[in-house]
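Protein chains in written order, with the working numbering: chain A, 1 to 476; chain B, 1 to 476.
These aren't lab readings, by the way, just hints derived from the structure by calculation.
Among the clues, some could well be false.
Claimed, not checked - List of simulated lysine-lysine pairs, DSSO-like, C-alpha gap at most 30 Å: (1) B:Lys236 / B:Lys24; (2) B:Lys120 / A:Lys4; (3) B:Lys119 / A:Lys24; (4) B:Lys32 / A:Lys236; (5) A:Lys175 / B:Lys120; (6) A:Lys77 / B:Lys119.
In this text, all values refer to a predicted model and were calculated from it rather than measured experimentally.
2 protein chains.
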Amino acid sequence: MAEKITPRNVDYSRWYTDVVLQAKLADYSPVKGAMVIRPNGYAIWEMIQQNLDRMFKETGHVNAYFPLLIPESFMRKEAEHVEGFSPECAIVTIGGGQELEERLYIRPTSETIIWSMYKKWIMSYRDLPILINQWANVMRWELRTRLFLRTSEFLWQEGHTAHAAYQEAEEEALKILKIYKTFAEEYLAIPVIAGKKSEAEKFAGALHTYSIEAMMQDRKALQAGTSHNLGQNFAKAFDVKFQDKDGKLQYVWATSWGVSTRLVGALIMTHADDNGLVLPPKIAQRQIVIVPIWRGEEEKKQVLAYANEVKETLGKEFTVILDDRDQYKPGYKFAEWELQGIPVRLEIGPKDVAKNGMVMVRRDLMKKEFIPKNGVLETVRGTLERMQKEMLENARKFQQEYTHIVDDYKEFKKTIEEEGGFVKSHWCANPECEAKIKDDTKATIRNIPFDREEEKGKCIICGSESEGRVIFAKAY
Amino acid sequence: MAEKITPRNVDYSRWYTDVVLQAKLADYSPVKGAMVIRPNGYAIWEMIQQNLDRMFKETGHVNAYFPLLIPESFMRKEAEHVEGFSPECAIVTIGGGQELEERLYIRPTSETIIWSMYKKWIMSYRDLPILINQWANVMRWELRTRLFLRTSEFLWQEGHTAHAAYQEAEEEALKILKIYKTFAEEYLAIPVIAGKKSEAEKFAGALHTYSIEAMMQDRKALQAGTSHNLGQNFAKAFDVKFQDKDGKLQYVWATSWGVSTRLVGALIMTHADDNGLVLPPKIAQRQIVIVPIWRGEEEKKQVLAYANEVKETLGKEFTVILDDRDQYKPGYKFAEWELQGIPVRLEIGPKDVAKNGMVMVRRDLMKKEFIPKNGVLETVRGTLERMQKEMLENARKFQQEYTHIVDDYKEFKKTIEEEGGFVKSHWCANPECEAKIKDDTKATIRNIPFDREEEKGKCIICGSESEGRVIFAKAY
Numbered sequence: 001m002a003e004k005i006t007p008r009n010v011d012y013s014r015w016y017t018d019v020v021l022q023a024k025l026a027d028y029s030p031v032k033g034a035m036v037i038r039p040n041g042y043a044i045w046e047m048i049q050q051n052l053d054r055m056f057k058e059t060g061h062v063n064a065y066f067p068l069l070i071p072e073s074f075m076r077k078e079a080e081h082v083e084g085f086s087p088e089c090a091i092v093t094i095g096g097g098q099e100l101e102e103r104l105y106i107r108p109t110s111e112t113i114i115w116s117m118y119k120k121w122i123m124s125y126r127d128l129p130i131l132i133n134q135w136a137n138v139m140r141w142e143l144r145t146r147l148f149l150r151t152s153e154f155l156w157q158e159g160h161t162a163h164a165a166y167q168e169a170e171e172e173a174l175k176i177l178k179i180y181k182t183f184a185e186e187y188l189a190i191p192v193i194a195g196k197k198s199e200a201e202k203f204a205g206a207l208h209t210y211s212i213e214a215m216m217q218d219r220k221a222l223q224a225g226t227s228h229n230l231g232q233n234f235a236k237a238f239d240v241k242f243q244d245k246d247g248k249l250q251y252v253w254a255t256s257w258g259v260s261t262r263l264v265g266a267l268i269m270t271h272a273d274d275n276g277l278v279l280p281p282k283i284a285q286r287q288i289v290i291v292p293i294w295r296g297e298e299e300k301k302q303v304l305a306y307a308n309e310v311k312e313t314l315g316k317e318f319t320v321i322l323d324d325r326d327q328y329k330p331g332y333k334f335a336e337w338e339l340q341g342i343p344v345r346l347e348i349g350p351k352d353v354a355k356n357g358m359v360m361v362r363r364d365l366m367k368k369e370f371i372p373k374n375g376v377l378e379t380v381r382g383t384l385e386r387m388q389k390e391m392l393e394n395a396r397k398f399q400q401e402y403t404h405i406v407d408d409y410k411e412f413k414k415t416i417e418e419e420g421g422f423v424k425s426h427w428c429a430n431p432e433c434e435a436k437i438k439d440d441t442k443a444t445i446r447n448i449p450f451d452r453e454e455e456k457g458k459c460i461i462c463g464s465e466s467e468g469r470v471i472f473a474k475a476y
Numbered sequence: 001m002a003e004k005i006t007p008r009n010v011d012y013s014r015w016y017t018d019v020v021l022q023a024k025l026a027d028y029s030p031v032k033g034a035m036v037i038r039p040n041g042y043a044i045w046e047m048i049q050q051n052l053d054r055m056f057k058e059t060g061h062v063n064a065y066f067p068l069l070i071p072e073s074f075m076r077k078e079a080e081h082v083e084g085f086s087p088e089c090a091i092v093t094i095g096g097g098q099e100l101e102e103r104l105y106i107r108p109t110s111e112t113i114i115w116s117m118y119k120k121w122i123m124s125y126r127d128l129p130i131l132i133n134q135w136a137n138v139m140r141w142e143l144r145t146r147l148f149l150r151t152s153e154f155l156w157q158e159g160h161t162a163h164a165a166y167q168e169a170e171e172e173a174l175k176i177l178k179i180y181k182t183f184a185e186e187y188l189a190i191p192v193i194a195g196k197k198s199e200a201e202k203f204a205g206a207l208h209t210y211s212i213e214a215m216m217q218d219r220k221a222l223q224a225g226t227s228h229n230l231g232q233n234f235a236k237a238f239d240v241k242f243q244d245k246d247g248k249l250q251y252v253w254a255t256s257w258g259v260s261t262r263l264v265g266a267l268i269m270t271h272a273d274d275n276g277l278v279l280p281p282k283i284a285q286r287q288i289v290i291v292p293i294w295r296g297e298e299e300k301k302q303v304l305a306y307a308n309e310v311k312e313t314l315g316k317e318f319t320v321i322l323d324d325r326d327q328y329k330p331g332y333k334f335a336e337w338e339l340q341g342i343p344v345r346l347e348i349g350p351k352d353v354a355k356n357g358m359v360m361v362r363r364d365l366m367k368k369e370f371i372p373k374n375g376v377l378e379t380v381r382g383t384l385e386r387m388q389k390e391m392l393e394n395a396r397k398f399q400q401e402y403t404h405i406v407d408d409y410k411e412f413k414k415t416i417e418e419e420g421g422f423v424k425s426h427w428c429a430n431p432e433c434e435a436k437i438k439d440d441t442k443a444t445i446r447n448i449p450f451d452r453e454e455e456k457g458k459c460i461i462c463g464s465e466s467e468g469r470v471i472f473a474k475a476y
């Protein structure tokens, strides 16, 4: 609480780190590239887990747990996969005091170990589909790290499903992307663009990769979740076949999909402000803080009795903090709870008690409003619902404001450089044009949006025909 | 379902493995010593997590996440700790394609990394207590492994708390042990003996270790949870001091405590039978299965309509499976759900419909009982409550039956060898006597029970004075 948060317009990157450290969401660890997720940050991850887990289960998925360590030979079985992940792995070479015969990779993702098990479990079409999810830690060695957004170790969920037909796998991959989009928008209040990745940007070993892409307050893009149709690649690498209804042996079809603790970073970068975190009500473990204000014992007694009544009323539906600490002044408490992003603050002083009401402040708006004590539960409930909705709407407005339609490459470069945000431009589907743009501007194709308009055009690089616009942006 | 479970009296060890594999609770993985927790087994772990997590939070604890990898130098800072854990660690020597400057240990437990962070976070008595828990995977290289009971990698929770005084740490360690005991008995229906570990058996780096000890059906003991008062050992190793109310610098007091996926093994070994798993109702994600019985389409229609009504009624309070699969006979379904341990089975055929009732079978008793459809929710609720209670009572009777009071060392050896179970004998508190017993019989002191009677006696080995009996047993 002692330090000041660097304002966003002074240094966005420092602002982000200040918010994460001062709100005690995470901290640097003594292990290079790894972070500690502190209780305030982990509480957000728990809310993400709870809600996504429920959504996965409602669609027939179950959880399981597979080993952390993957034999090197497994990593090598799928050619693109090993090429994509091998350079960024941490490798165990010693176990129980002895040099290991085969080196073991700490999972960067679990396709290989899981498909080696699916080979044991899948014989017939009756064993399909398998709809398994895993909540786990994974590791990808990173040189340049950033709290939550890019760390060597991170927490995530990884779904791995097995199906009898291409079409089923494709439907599964799209169903999950829809869950991710719904969750991002309705819970995190982060508007996202759902679409398909280009060939150059897809997952190592996938047939198609789908993603949801968000825009941060510095107008850079952040990939918030991916879902892959893996085709038969892993089934072939691990020789996983099933007997179909006609008795014929076929390779199994697969998907995988994941979101990670990166979402906590996305949440901060979408909603936080110069006073600290701003939590959408549905993702806050504690929705309301009451700060009582008094001078002297008489006032204290009266105000606290009143505040406790309010707490009890609101406690029927919400988690409420009553900050009755003696050693801190109200202003200090306001700042502390603002830093932590508690959605609604109620201030109660002797005058409020006399008027049978209280002052309410919505964290995102920071405007004071007097509300009556009668009906306080309904008032606060309505406020939280509106806040949830308006946080999404405001973030969507921001995203739309910084989404540019550009048809000229000079303007494209200028926009990426000076404005940032999403640039919608025509692209001929040639990876060489995509690579040139990346080389020139560092912008990548975020995805080919599902809901793009059919609009013939000319590739912004080579002028060849294009079927529609794709989204370019610099990304985290 | 095709294979038969080896009966317990033929080969207890094979019986255990058969239950785990055939009920699809876990499977062997291609990585030596690591297992795969399959969805049926993971569902049990989820119930353990949910309930313990709630109990931890109700007592003021919060969750966080610390890095998987621990620098070798950290492991070496607490002398007993490194000696205890170092030989059984998996070590990362390569990261991102390069040999690492400092080797990194996969956490066998997280005291060292956590106390290196507490050093950053603790300045004053105002920062205390810290009551943090972590749900995580850990690794201890094992040569002889057993599904759930002893695996190189396992899942657990590890609490790590920091306090301003010895007494507070001591109270915390005991409070947690009480939570473990309550959870083991009221949820898992596993009766446990709570007590203090001997010096020889305590945790590497602890002042005192407390444990709960259970008895398996083969009469061997299983340590089901431990809680440690770490004194100031880790605070000293990591130089963690706080300024007390008088402005003086003092070392911080610590506890740590954990239970693991081993509890799933304990659950199986306490309650399962020759037909498979038996789940206490409070730990079953699905409490009831309805198996409809019909011949021909007319009966099917009638029976299913009736079964669906029953499902809907019970579904208000419980999770109910209606097994209406066409391709399997009722007997096959009975066996399958018995194997999975679903607490209550309801069988509904045309005659039951005619009599407006159904047949109920409690998984632990396997006796058929006709119950009326009227009031089925109350009947089943009562049955599940009784089942939960009686499973604990029955396990407690078994434990008492195989608890022996022995004062003669010849008889002691014979009892340990032939009878197994717990042996309550006098011990003088000398580690040499303890070591001799272990050498002679493989039995160890499980713990010094909190509730032992004050009873002067003579050490069973050396004849010196003893303050009371301790519990000896061979253990998993």
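Next item on the list: Against the structure, test the hints numbered earlier, and report the numbers of the ones violated in rising order.
Entry: 1, 5 and 6
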